[in-house]
Structure formats: C-alpha cells, structure tokens
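Chemist: Given next are the chains, with one letter for each unit.
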Amino acid sequence: MFLRRLLTRIATTLVTLLGVAVIVFAVIRIVPGDPVAMMLPPGATEADIARLNAFYGLDKSIPEQFFIWLGGVVQGDFGTSITTRQPVLGLVLSRLPATLELSIMALVIAVALGGLVALTGTRLRYTRTEGALDVANGMALSVPDFLWGLVLILLFGVLWPVFTISGRVSPQLVPEFATSFFLFESVVRLRFDLWLDLVQHMLMPALALAIPLAAIIGQLLKQSLKETMHLDYVTLARTKGYSENHVILREALRNAVLPTLTLIGVQFTFLIGGTVIIERLFSYEGLGNMAIDAVINRDLPLIQGIVLLFALLFTLVNLAVDLLYAVLNPRLRHA
Amino acid sequence: MLDGRSLVKRTAGLRLWLSAGWLTALVIGAVFAPWIAPQDPLMQDLFTSRLPPFWMDGAEPGYWLGTDSLGRDVLSRILYGGRVALIVALIAGTATALIGATLGLIAGYYRGWTDMVISRLVDIWMAFPPVLFAILLIAVMGTGLTSVVVAIIVIDWTRFARVVRAEAMAQGAMDYVASAQVAGRGRMSTLLTEILPNVLSTIIVLLTLEMGIAVIVEAILSFVNLSVSTDDPTWGGMIAEGRLSIHQAWWVLVFPLVALFLTVLSFSQLGEGLKDRFDPVLN
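Going line by line, the protein sequences match chains A and U. UniProt numbering applies: residue 1 is where the first sequence begins, and numbers increase by one. UniProt numbering applies: residue 1 is where the second sequence begins, and numbers increase by one.
This is chain U alone, in the form it adopts within the complex (with noise of 0.2 Å):
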C-alpha cells in the first residue's frame, strides 16, 4: 500500500534543495546588485513608465521585468529590495535569537523567580497583536532600519523565549545534567556545556523560520510606509504602489510577491527540513 507519508518524505529533499537554491540565488543577487541589476532602481523617466516584461508586446529590451508607473525598473528594484529583506532577516533574525534564547535558557535552567518573572512577560507579551505592536514601536521609534530591527526584536524574543525555556527544563531534568552539578560543575558552566549544545539544534530551527518572519514583518512595515525610508527600494514598498495600478501594470505588483513568497516559504520550508533532520525519532 502506498504510504501516505511518502509524497510528504519523498519530496522533503527536494523541497530543501529548491529552497536553499533560491535562498543562494537571493543572496548573490542581493549582495552583487549594483553589478547585476541592469538599470538603476532609482531612475525615473516618464518615457519608460509601465513598459511591460519581456514577453509581452511594447516590452523594451534591459527592463526585463517590466517597469512601475515612475518607469524604475521592477527587477532592479527587487534585487536592491532583497538587500534591505536579508539584511532584516540576518540582524533581526540572529538578536531575536540571542536574546530570546539567553532569557529562555535562563527561565528554563535557573527556575525560581526568574522563570516567574520572564514568564510573566512572556504571557504579557501574547496579548499583544504582533503588527499592531511592531506599528506602535515604529510610530514613536520613527521609521528607518534600526527601528525595524528593535521592533521585530521586541515583538518575536518570546517566540524563542517560551521554546528555549521549556527545552531547557526538560534538558535540565536529565540524568547527564545531575551528574555533571555531581561532579562540582558550577550551574553557569553546566548551563552552557551541557545544556546549550543541547537547545542548540531547537534554536537553529527557530532562528531559520525567525528570518522568514523578520522579513515578512519588513514587508508588511514596508507596505504601510513605515519601514526604511521611502527612497530604498523594498518589496513591501513595490507591493503597495503595484496594488495602486493593479490593473494598468499587474507585473509591479507580481514579481515582487513572488519574490517574498519563494522567500518566506523557504525559509520555512528549510526551518521544517532541518527539524525533520534534527529529530533523532524521525530518522
């Protein structure tokens, strides 16, 4: 009989692969873009407005993707776009998880009142409505990079802060770690010679999809206007002026979905992979 988990297992490899390549191929793109993007991102002309991609008819050769309604280029303007996308992802992403993780392992391993009061936050902080709390921050932070950065940071550390916390506590129930306060390790050493390498493969996983989200959370801030300034092309940005001349040029308002999609999804999609290798039951 034919396993239901099958197609799932089957095409679980492939899927990682697909997603590290797009992954890649954003990361070379974004990092080489001044050398790469064909046309200057910045560059209005009125003549070239709305130029359609490629394929189409009154396609003009070196727009490849077509051009907005201020005749900038839509390719040019998602590989600089990635840049701001992946720079969030890294920054965001990486202090999201050391913050979030350091507060969990602490919570988790050390207990007692600390636990108590980094719990209590935790359950502070899941009443509030993500993007209306990242909104509220930029609204008195002002917009900009570093903003954005502060505000995925204050608004997802309890993402890592309630998985690192519970881990930690199941870790630190372990035999391995008694034997270890045994033989006189004192409980910061323990902590992180035992327990971290141990959490350490959860908050990988976590950090992965982390980044999905940061960049996610740029685009949305991007999409309202509220995130880098207005000159720096971002993929929120082009989304929310494509959805103004949805009908004249859809192409503005496509490509960069795409790109945000095929982003957000692989790094989910990787997140997930690297779970399923992680996990000793599974394999």
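Looking at chain A on its own, in the form it has when it is part of the complex (with noise of 0.2 Å):
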C-alpha cells in the first residue's frame, strides 16, 4: 500500500516536471518575438540569423523542437549562455550551492524564530504578552521578505552598521575555499575565522527571508500546542506533577508538531522562490542574482535553465515533504 501510494506520487511529480518543461518551453518560444532575434546583437546579418536557426532547431517544427530541446534537457544539455558562450548547466550548478546555503540557513533561523515564538507564546497563553506577541506575528506575516531585507539594511547596514549588507563572503577570503559549499565547507574544516565572515555576510539576507516563514510557523505551531495542552495525556503529566515547561516540551510538543511539518516543507519552496530578489538586494551571488543578470542581458537560454531547476528544486521538495509526512504519520503509515 505504502509502496503503491509513493510510485503515484513518484509518477504525478513526473507529469508536474513534464508540464514544467512545455510551459517553460511554450513561454520562450511560442511568445510573440523571435527567439533567435532576442539573441543576437543588433546589427545581425540574415546569414546569421539563419545559422543560429539551424543551429537551435529552429526550422523544425513546434512539437519536433520541444522534443529536441527536452531530450537535451533530461540528458543535462540546458544549452548554452548568450552572454558568457559557456554551457548553461555548468553556470547554474555553480552557483546553486550559495543559493542552496543560504535558503537552508534561512530556514534554520525561520524553525528556531518560529519555534521560540510558539513555544513562549503556549508558555504564556491568555496573557498580555501572548496578545502582543500575536500582534507581532500577524505584522511579521503579512510584510514579504523584500520588505524585511529592506528594513534590516536599514537598521543594521545603516543606522547599526554590524553586519555586512552586501555580498556573500569578504572577497580576498575566497580562495580560501576549495568547494562552492562555503559554509559547509567552513565548518567541516573547523575554520571559524572563515565561519563568522560567512555568518557577517548571509546573516541578514537569511534573516529577511526567514522572518516571514518564522511568522508562519510560530502561529500554526503555537495553534497547534494550545490544542495539545487540553488533551488528557497532556492533564495526566500535569497531575503527575511535571512542571510547566517539562509538559509543553516532553509532552505537548512531540503531538503538535506533524502539522508544522508539513506546513514546513510548502512554505520553503516559498522561501526558496525569494532568494530570487533577497539575493538581488543584498548582491548576493547566488541563482537568483544570475537570473536577474540574465533577464537584464536577455540571455534566455541561461533564464530558461535557472527557471527549470527552480522548478526540480521544488518539486523534489514537495515530494521528499510528501514522503517524510507518510512515513511520520503512524496513521499513514499503516494504511
């Protein structure tokens, strides 16, 4: 039953992946404007023009084309940049792991914040405080992450200047690195003089991205253990005399977090999807920052394959969510 529940899943992710390639595809070539005109400087002579046709598959028809191009695709041949005439999959993959590091710190940051704010919020439930802090998460929701980069290079690039507001690492510190991993590279090799410098730079960009999806979390999960606390077990532990604090986090937590969870994993393809501008404001290199430099140098090929492993990126975040939720949930787990 398990088995059969995840190759479903396996084979609806496919179908999204298959539907994810013919919209990219249909976005860039089936839109008013030749591609092949976009691509060339001003000035192209028809000969020109004409090659590049032949050498796109351009003459082919729509449907041949699209074959042609997602054969190349699946067998990693995302084509090749305008602008830097390397192959695209080389350029994206190398800047992946900056984008990878800092969404996933952001999302540490979102756990711990939202977390903290949950579990002060059930400590202190139906007091002033809680009123307050309810207030402040409801704002913390409803402004997006660009504003909050915005507002953090304020206070503290500006008014507070103690973090570095721009750039992921102090350049001459880079060829220290021998991966494209710094951060996980610096701790590996226990070089916390290069561990803070990274921290310094990614602190405030992961924070913008992550105070939104804190806000989430501290909410639902705070929802989530108010409920937990009327429960009889959650008395019992009570009556047996276990304090406070032990109740919320021995007993309640471990029965109110399932939900979290899952709301986890959706929201951090949302987070994923606003390293996009985060990395733009605080020029930051990573995925987001090149596909702005793409669209701005119109060099479609390079767009067209960050927009396709964003996709895969999110896709495959869904469904590891999707399976991690089966295999903690005893319910889903049995039937």
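Please note that a few of the clues may not be correct.
[To be verified] Output of the computed footprint for chain U on chain A, the stretches with three or more beta carbons under 8 Å from beta carbons of chain U:
hint : stretch
1    : 147-154
2    : 233-242
[As the list claims (entries may be wrong)] To give an idea of the chain A side of the interface with chain U (calculated C-beta under 8 Å), a few residues:
hint : residue
3    : Thr16
4    : Ala26
5    : Ile28
6    : Val162
7    : Arg254
8    : Ile272
9    : Gly273
10   : Leu300
11   : Val307
12   : Leu309
13   : Phe310
14   : Ala311
[Claimed, not checked] Computed beta-carbon distance windows for the label pairs:
hint : chain 1 : residue 1 : chain 2 : residue 2 : range
15   : U       : Trp35     : A       : Ser180    : 54 to 60 Å
16   : U       : Ala183    : A       : Arg4      : 41 to 47 Å
17   : U       : Gly112    : A       : Thr239    : 49 to 55 Å
18   : U       : Gly186    : A       : Ala11     : 50 to 56 Å
19   : A       : Asn329    : U       : Phe54     : 55 to 61 Å
20   : U       : Tyr176    : A       : Ile10     : 47 to 53 Å
21   : U       : Leu98     : A       : Trp160    : 42 to 48 Å
22   : A       : Arg123    : U       : Val27     : 41 to 47 Å
23   : A       : Arg123    : U       : Met174    : 38 to 44 Å
24   : U       : Ala20     : A       : Ala11     : 45 to 51 Å
25   : U       : Trp35     : A       : His230    : 56 to 62 Å
26   : A       : Trp160    : U       : Trp17     : 56 to 62 Å
27   : U       : Ala166    : A       : Val108    : 30 to 36 Å
To be clear, the hints were calculated from the coordinates, so they are not data collected in a lab. Just so you know, even glycine gets a beta-carbon here, dropped at the ideal spot from N, CA and C.
Hey, can you piece these two chains together into the complex? The hints should help.
Modeler: Here it is as structure tokens:
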C-alpha cells in the first residue's frame, strides 16, 4: 500500500515536471518575438540569423523542437549561455550551492524563531504578552521578505552597521575555499574565522527570508500546541507533577509538531523562491542574482535553465515533504 | 483573567480604520498628484541634489521629503509612484481574481475532467518560483504596464483557483444546492445564483490580499528595472536608487519604503479584517 502511494506520487511528480518543461518551452518559444532575433546583437545579418536558426533547430516544427530540446535537457544539456558562451548547466550548478546554503540557513533561523515564538506564546497563553506576540506575528506575516530585507539593510547596515549588507563572503577570502559550499566547508574544516565572515554576510539576507516563514511557523505551532494542552495525556502529565515547561516541551510538542512540519515543507519552496530578489538586494552571488542578470542581458537560455532548476528543486522538496509526512504519520504508515 | 485574544481583537477595529485611512489618503494623493505634488516629479536640477527632508539642516522649502541625487523631489515622486502602484493593484488584482475565481468555480462545481485539468495546471504552477516566473515573462514580453499586469495575472491566478475550488466544492455538497437542482435549475444557473454568492466573500478577501501582493510584485519588478518605463517614477525604482546612495541620502530609500510598507500592510490588514467580518463563526 505504501509502495503504491510512493509510485503514484512519483508518477504525478513526473507529470508536473513534464508540464513545467512544456510551459518554460512555450513561454520562450511561442510568445511574440523571434527568439533568435532576441539572442543576436543588433546589426546581425540574415545569414547569421539563418545559421543560428539551424543551430537551435528552429527550422523544425514546434513539437519536434520541443522533443529535441527536452531530450537535451534530460541529458543535462541546457544549452549555451549567450553572454558567457559557456554551457548553462555548469553556470547554474556553480551558483546553486550559494543559494542552497542561504535557503537552508534561512530555514534554520525560521524554525528557531518560529518555535521560540510558539513556545513562549503557549507558556504565556491568555496573557498580555501572548496578545502582543500575536500582533507582532501578524505584522511579520503580512510583510514580504523583500521589505524585511530593506528594513534590515537600514537597521543593521546603516543605523547600526554591525553586519555586511552585500556579498556572500569578503572577496579576499574566496581563494581559501576548495568547494562552492562555503558555509558547509568552513564548518567541516573547523575554520571558524571563515565561518564568522560568512555568517556576518549571510545573516541579514537569511533573516529577511526567515521572518515571514518564522511568523507562519509561530502561528500554526502555537495553535496546535494550545489544542494539545487540553488533551487528557497532557493533563495526566501535569497531575504527575511535571513542571509546565516540561509538559510543553516533552509532552505536548511531540504531538503538536506534525502539521507544522508539513507546512514548513510547502513554505520552504516559497522561501527558496524568495532568494531571487533577496540575493539581488544583498548583492549575494547566487542563482537568483544570476537570473536577474540573465534577464537584463536577455540571456534566454540561461534564464530558462535557472527556471527549470528552481522548478526541479521545488518539485523535489514537495515530494520529499510528502514522503516524510507519510513516514512520520502513523495513520498513513500503516494504511 | 486577561484574554490573550483580547489585545488582537481590541486593536482589530483600530488597525482596520488605520489601513482604510492610509489607502484612502494614497488614492487621493495618486488621483490628484498633478495638483498636490509640490514639484515636477521628473525635473532634474543638480543645484538641488540630495536636499534633506524639511526638519533637517540644509532643507529647502517646497522639497518636504528632500531630493534624490538628480535633484528630483522625493514627495512628488512618491505621489506619482503611488499611481503606478494603485493602477497595477486595481487592474492586475481584479483580472487575477476574475480569471482565477472563474477557473476555481468551474473546477470545484463541475468536477470531472475539467477539475483534473485545472488542478494539474495549479500543481505545475506551484513548481515555479513566482518572482522568477514574473521576471521570465517580462524578459520575453518586454517591460511596460501591460507586461507587469499580465505577469501578475499569470503567476497568481492559482491563488484564487485553489481556494475558490475548495469552497465551491464544499458549497456544491450542501443541501441547498441539491434542492436547487431538484427544483430543475440548470447547472450554470445554480453555479451563478447559488454557489457564486456564497463564495463571493472569500473572493473579496482574496482580492484585497492580492492587491497588496500586486503592489509588492510591481515594486520588485521596478526595483530590478523591469516594470514600467524608467521615466515614470515608481516606488521600487526609487528604492533601487536609494539603495545605492544609502550612506549619503537615506531619505531617498526610507520614504518610498515607508509608503510601500504601509500600503502592503494596509491591504493585508484590510483583507484579514474582512475575513473576520465575513466569518460567521468568529462573530
């Protein structure tokens, strides 16, 4: 039964990915405007256009073009960037670690902050503090990451300049790294000087991404916790004489955490999507910043590759969350 | 004992009024910008470059919120930028609501293969990062107001479709719908006269929230210079300029940011407030 669920889920994921490919292809090929004309610099000759048309297979029918293109994509051929003349896949993969590290750091901050808000709110439930937390939480929720990024730049970049508000790492430290996973590498190699420099750069963009998600986590987790606090087994733990903190952390939390976990999965994809503009705002050298440069330079193969990679990432995160949920939820596990 | 909800509840009315107040002021400012704005928003004058706001030393009368590095008046540019923000919010918001809600209603009420197609489309759409998708669309369509509006509709129709579909499905299972059909009403007529009125409040709440989202998307697009033409003042464009001269003239960034912040917050507070008003369980 579990296996069947798994296979169905993987099948729908494949259908979604195929749909994504169709749409990305359609947006770039079918919209008004000649893709080749967009790729060429002004002043290109007719012969240039014809040669490029043949090179990209644009003299064939649209469905034929789609399958040729898809065949390439499946084999890792995402085309060639127009501005750098390098394969798109290599360019995109070189930036992926930066974006992944930023996203994961933001996720960790969001879980920590949101968890703290939920636990404090539950501990101090029905007090003025809970009300104040709710109002603050509501504000954090309704203001998107882009605005939080700007607010953080003003607060910690200008008013009280303790954090660096542009870049991923101090430029002179870049040669120190052997991989593109700077943050991960600095931890593994126990180079805390590098780690500190990275965190000093990454904390503000990560926090901007984390605040809206932290608010969502705080809201839902507190709601589940408060519901759990009325259940019999929690009352039993209380009558056994356990302290309120123990009851919340050891008894209630375990049962309240499942809905939040699912939500985090879905919201994590939104967070990854937010990196596009946050990276731009903080001049962070990741995929999102590359995507915006690609658009400004009209480098369509590159932006196509980035969109596909993001879509793949989103779909895989969603799949992982669904599977994790099935594993963690006893009702589904034994179904 | 003090109820924790009470602070949220007590300030709810106040927050609703503040939001409505700010949005009203914004609409008035935007509509009457040519008469209210103290300066021409496009006029560059290097002699008045980077003037501070009125309470600081070196301010000049007539430039209340200071000027940017090209000597353009910040207040006037915020008023004109409000026009772009509100036009996008209104047109893109309404169009997104119309298209998304229609598809959601059809999927939720007719079910069957139409539902399957629309739901699959929604799933596929969820795999795209919205901002990146919008930027991709602008890249192929070119910049301009129409492109911005189309991009917002294309990336956000699913927000309505998903919620309205679920609502329509729930309503469709109710007795009053069954009795309308037993009474011999056609499917289309039932959809329009029975189901639509019952999901309308949800659509209005979503529309209010969508307007805030549209304002933000426009600001993000103009921040990366992919919105309307660069000649028109936009909040996002002002913020991008302000970001560059942040250490020399903070006001170029701060004032449009405050305008954007309040507008986005107001739309969402208004939406949440309406949701509470419409929700019979909460009242």
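Chemist: When the hints from earlier in the document are held up against this structure, which numbers fail?
Modeler: Hints 2, 4, 6, 7, 12, 18, 20 and 26 are the ones this structure does not satisfy, whereas the remaining hints hold.
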